[in-house]
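A.B. asks: Residue-level listing of the chains:
Protein chains: 2
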Amino acid sequence: MQQPIAVLDSGVGGLTVVREVMRQLPREKIIYFGDTARTPYGPRPAEEVTRFTREIVDYLIQFRPKMIVIACNTATAVALEDIRSRVTIPVVGVIHPGARAANGRTQSGVVGVIGTEGTIRSAAYEHALKGLSPNLEVISLACPRFVPLVEQGNFRSAETYEVVQSSLESLKCRQLDTLILGCTHYPFLADTISEVMGNNVTLINSADETAREISTILHDRNRLARNEALPVHQFFCSGDPRMFKTIAQQWLGEQIELTPVVWQVPQIG
Amino acid sequence: MQQPIAVLDSGVGGLTVVREVMRQLPREKIIYFGDTARTPYGPRPAEEVTRFTREIVDYLIQFRPKMIVIACNTATAVALEDIRSRVTIPVVGVIHPGARAANGRTQSGVVGVIGTEGTIRSAAYEHALKGLSPNLEVISLACPRFVPLVEQGNFRSAETYEVVQSSLESLKCRQLDTLILGCTHYPFLADTISEVMGNNVTLINSADETAREISTILHDRNRLARNEALPVHQFFCSGDPRMFKTIAQQWLGEQIELTPVVWQVPQIG
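Line by line, the protein sequences give chains A and B. Each residue of the first sequence is one higher than the one before, starting from 24 at the first, in the numbering used here. Each residue of the second sequence is one higher than the one before, starting from 24 at the first, in the numbering used here.
Quick caveat, the hints were computed from the structure, so don't treat them as lab data. Where hints are given, some of them may not hold.
Where chains are identical, the list cannot tell them apart; a pair therefore holds if satisfied intra-copy or between any two copies.
Said to hold, decoys possible - Derived SDA-like pairs (lysine to any residue); straight-line CA-CA distance at most 20 Å:
1. Lys89 <-> Asn245
2. Lys153 <-> Met45
3. Lys89 <-> Asp200
4. Lys153 <-> Leu241
5. Lys153 <-> Arg244
Whenever a hint applies, use it, and build me the whole structure from the sequences.
C.D. replies: Below is the structure:
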């Protein structure tokens, strides 16, 4: 039996990571858990996000995964180290891959980070970036108006351009040459963000970078899949399965096998 | 005492990897071995390259490194798995990082690889790329005239342009959108190669990508350096120390501490 890679997220945003893993590592089997009944994690206290993340890991561990991927910036920021200390398999978040890519690409040494208020407040990107290169200058900015635009499917309208432009105004006069999209929803606005920031700013998409690091770590540990047959992925969600299935199939471009999960003690509030 | 990262190469080419590690991971201490007495490895039989690589690893292991980096395409192609099986610390080559980056970037699914005759003959890049994504199309081309140009410091002359253009002619009619510079010397010709291949072809520089993977693996294994003081690197070479020192200081932009090494049984031939 092929051991899967377990990917978890507060909802559907982590599917951007799944899509990249499917593209970069087509032999790997994925099990995905979207905690759509309790999304979003952003505004919740850190202790609650950690507890939710532990619950999902406990659920996914029954499938004997070879790796856990926390494909959610908020959960990575507050729970990555906790989960790493609780399991013996590698645990990958979305923050370090984005930070590492930005650190590698920047020439000016000035890196921007945009994310939800929870992610920016945690200073997790700043911590990761300065942990690698203490002399980097990091400019962080919360963009609370971006996620609603994406959830409305409003990627390229005049309104979107106006929101992106006014949100990023304070970054435009800075010397940054690299901007981390520190939220799994933001890649959908990448064209507009790029238009606003100009050609001299490289955007870092955490989904691409996380898939790349999953590949590096599995190779280092000699755990890359070698099967010839294509794997069948499995998806789980805690909220409305129809909505999840519609979005997942649209994003991934293929039919998915979905199992709804009901938490024993529902925690919607 | 800070455990270093040990980097080895047949000569000076691996200094491109050292420069990137110094930039991306300024806290890490590096020990470098350039086997300049026996360079180049490219035309040698695989058994000989494996033996030389083992000898260098045996020499470097006295410094208790936390990781070994084989910063030479030829040695990676023939000796990586052998060295991995002989030590308990992680061993990183330059081929998989380049292959992984190309696999992540290509949209057309057609990837080009240029390298020395030895590297291309080994088919190591093709093997690494297809191991990740079996459906990739890989076009490999040996460019034996490139290394002499670099060793003469002839990066941007009319002659260089002519050599690069005629060497890459057969790649230009293909659908590749990503080209791996599969030799540590080639990044010095990157501007000319890019001019010849056009803006639609992304060049993959193995040095950048290898530094990035070193960071990923040390992070996964919780072995990234945390010291505040800047490390002092150490360099060793088996050939003419003056020549090595001149080139290394020019490439790295700083003074280096160099120790000449005399092999007990000199093997120059």
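A.B. asks: None of the hints should be skipped; say for each whether it holds.
C.D. replies: Each hint, compared with the structure:
1. Within a single copy, Lys89 and Asn245 get their C-alpha atoms as close as 11 Å, and across copies as close as 18 Å, so both meet the 20 Å cut-off.
2. In this assembly of identical chains, Lys153 and Met45 lie within 20 Å of each other by CA distance solely across copies; the values are 15 Å between and 31 Å within a copy.
3. For the identical chains of this complex, Lys89 and Asp200 are neighbours neither inside a copy (36 Å) nor across copies (33 Å), given an alpha-carbon limit of 20 Å.
4. In this assembly of identical chains, Lys153 and Leu241 lie within 20 Å of each other by CA distance solely across copies; the values are 16 Å between and 26 Å within a copy.
5. With identical chains, the CA atoms of Lys153 and Arg244 are at most 20 Å apart between copies only, with a shortest distance of 19 Å across copies and 27 Å within one.
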